[in-house]
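Undergrad: We have chain C; now place chain V onto it with these hints.
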Amino acid sequence: MATMQSTEHGNTQHESEVNPTTEAHAGSHDGTYLLVFGALAVLTLIEVLSTYAASFKIPLLIVLTSTKAILVIAFYMHLRYERRYLPVIFAAPIIIGVLVALAIQQLVR
Amino acid sequence: MAQAQDILPNPPQMTPPPPVTAKQVVAAVATAQIEAAHPELEHGENRKFAMWLFLCSEVMFFTVLIGAYMMARWKNPGPHDVLNIQITAVNTFILLSSSYTVVLALSAIQQNKRTAFLRFLVLSIVLGTAFVSIQGIEYHNLSTEGFTLSSNLLGSAFFALTGFHGMHVIIGIIWLIRTFVKGFNGGFSSKDNWGIELVGLYWHFVDIVWILLFMIVYLI
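If you're matching them up, the sequences are chains C and V in order. The numbers in the working numbering rise by one with no breaks, and the one at position 48 of the first sequence is 34. The numbers in the working numbering rise by one with no breaks, and the one at position 130 of the second sequence is 146.
This is chain C alone, in the form it adopts within the complex:
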């Protein structure tokens, strides 16, 4: 019991010395950043290869490109870790943009 108490005490002391602000938090993301970069590279390769598969090219490209954009926004721009109001605000112009694109597609068809 006495040893447990002493280790607990030691741990808390250690933590207060390290002062865990951004330091441990930032380092833990480095692996995620590498994974995201690898995913972006692979998705780009699939995109370029998919131009040879003409029949279902466009829906596949839209899915792959959206995935890439969401990966960058969520992890590199840290929107996944932000408070809720930022994703909501940033979604507004994207929704308008998609609607504009759909309207133009109907117009030129």
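Short derived list, chain V residues pointing at chain C, Cβ under 8 Å:
#, residue
1, Gly83
2, Trp90
3, Ala105
4, Phe109
5, Ser123
6, His220
What the hints contain is simulated information worked out from the structure, not anything from laboratory work. The C-beta atom is built at its ideal place from N, Cα and C for all residues, glycine as well.
TA: Same frame as chain C, now just chain V:
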């Protein structure tokens, strides 16, 4: 007479200011001390919020340009016979890599690794410059093949769209150089790194725009 006095605002000497209490003085001094000890608290969240609002307006800016390109593209067969997809795929990879190095620079300064932070910034600047240079070579090749800003509607839309994106990349490179100079002169730390976060947000957004342009202009 009494009515006129009612309408007129009270003269200043009629309402003496409330006396400053000792509690208020202590609170003001404490706030000033906290702000002096933690410069990173100074409007950091507000600046990030403003950056996101600016990026929202940029979404609309590029939406219009992409829309104009789509209008021109659907009426025409498309510039695929002159565009070089292989070189542009390599260029896309270069810009994606520069986004990765910018996020690593932020991560490095958050861990107080100043040398790594400066190296990643230099790498980002080099990769961004390489992207713009390859884009310039691509423009030169297109113009020698007769595809220019004034060749037809599609040419105008293509060069307006990719040109404005290239302008954004050039502005990003200038901003990154300015960030590097500040970091080289001892600016930024593990706690004060808002400047890097903001340039990062801008750079990643420009990267996302290119991800979209690569699909819309080159692959479809």
